[in-house]
Amino acid sequence: MSMLGLYVPGDSVLHRLPVGAKLLVLLSAVTAVVAFADLWSALGAALAALLLYPLCGFTFRHVWRVLRPLLPFLAVIALFQALVGDGATAVRVCAQLAMAVLLSGLVTLSTRVSEMLGLFERLARPLRYAGVRPDRVALVLALTIRCLPLAASAWQASREAYVARGLRGRPHLMVVPVIIGLIRSAEAMGEALAARGID
Amino acid sequence: MLRLENVTHAYDGRLVLRDISLELGEHRIGLIGANGSGKSTLARTLNGLIVPDSGRVLLDGLDTRTHAREIRRRVGFVFSDAAAQIVMPTVAEDVEVGLRGRGPTREEIDERVRCVLERHGLAGHRDHPAHLLSGGQKQMLALASVLVTEPEILVCDEPTTLLDLRNIKVIEQTLRGLAQQVILLTHHLDTLAGFDRVLVMDAGSIVFDGAPDAAVAYYTELMALSAPTEGEHQS
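Chains as they are written, first to last, in the numbering used here: chain A, 1 to 199; chain B, 1001 to 1235.
With the rest of the complex left out, here is chain A (with noise of 0.2 Å):
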């Protein structure tokens, strides 16, 4: 898994695609099924998304690690869906949810972090004229994915010594020796990308 860790390396026509036109795509795939608003067009484009996983060499784990997440928001809009409209709304909407998931998810599966990141650096072209640096807004969103696994293991390690040293009933006290450990983690980050030329 990467970026959140999702990416799965292959060669399949979608991996091979370049990430503008799986998200280009993706754009409009969605908007087409939203905007058609059909059930049978919805339950269709759902069947379809979940057959590509296969085609493009994903597993039913991996389908399943995608739409796990949504299934509590499916269950709850199914049933406000059908209690303010009717059944076949309800079903319809909880099929292009689950569409949308499902392609976006093809999407994360087959790119990696470092093309996504590219196109972004390359969207942002025209902020130069700004001042802004493509580079450092790609770099910038690259730092924030990569400080997720960091702050995780900052208050994994906090936790830890909280319990080894006894303490209960205090979880506050965990809150400070995380954010020295971001501090410290964040200068030492900057140090090393001053040390491989990125400054």
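A hint or two may mislead.
Unchecked claim - Simulated coverage check for chain B against chain A, where a stretch passes if three residues somewhere in it have a Cβ under 8 Å from a Cβ of chain A:
1) 1070-1080
2) 1099-1111
3) 1119-1129
4) 1144-1152
To be verified - Partial pick of chain A residues on the chain B-facing surface, computed with a CB cut under 8 Å:
5) A37
6) S114
7) M189
8) L193
Hints were generated in silico from the structure; no laboratory data involved.
All values derive from a computational prediction rather than experimental measurement.
In this text, a Cβ means the ideal position worked out from N, Cα and C, and glycines have one as well.
Add chain B to chain A, keeping to what the hints say.
Frame of chain A, contents of chain B only:
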């Protein structure tokens, strides 16, 4: 060649480097000393990460004060905490980030990344999340990320401090096999066998400069003399 001329540096009024003048031309140079002796600060002046308060650090005549960017491209730096050096989410992406904006084409970048990952036993981890690697693999990644830029000189600040014995050996072997000039800061004195020159630092000064055996003997005695006595421990 790296040259230090009367380098002095202080943090908050505390002198950490005292008027150091050196020429660092040997292929393998070790730098040892107690914690807080000024080793890391000295190492950081070598590629301009720290600009000394007074004195100059020169690489082939270029001053780190005015040519830091150019010098950093020629002097690679490996830190002790490998995790803090990882700036990109996956192994390959982290290695290639230092090559961006340096001129190579996409194909050249891919090829250099592939070669360096293969050489350092990371080819199988190419697309793995860098933060999930083991400690030894992370340090190897840190080394690969610096070596891919092909620096002329490599400064390593205690790269084996956080590693187990097996990984220490792997990193040592890797460093030994490098064509580059290596300046190694370490507490693992065995690593210095075969080095051309070893410097001992104490309280911000170079107190010994010579062959590894003599330097290690000097340092060992220095540490024995400065170790607290039993009475001091109890108090």
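Okay, the hints, checked on the actual structure:
1. 1070-1080: holds (count 5)
2. 1099-1111: holds (count 3)
3. 1119-1129: holds (count 4)
4. 1144-1152: holds (count 3)
5. A37: At about 37 Å, which exceeds the 8 Å cut-off, the nearest Cβ of chain B leaves the hint on A/A37 violated.
6. S114: holds (5 Å)
7. M189: A/M189 check passes; min Cβ-Cβ to chain B is 6 Å, inside 8 Å.
8. L193: holds (6 Å)
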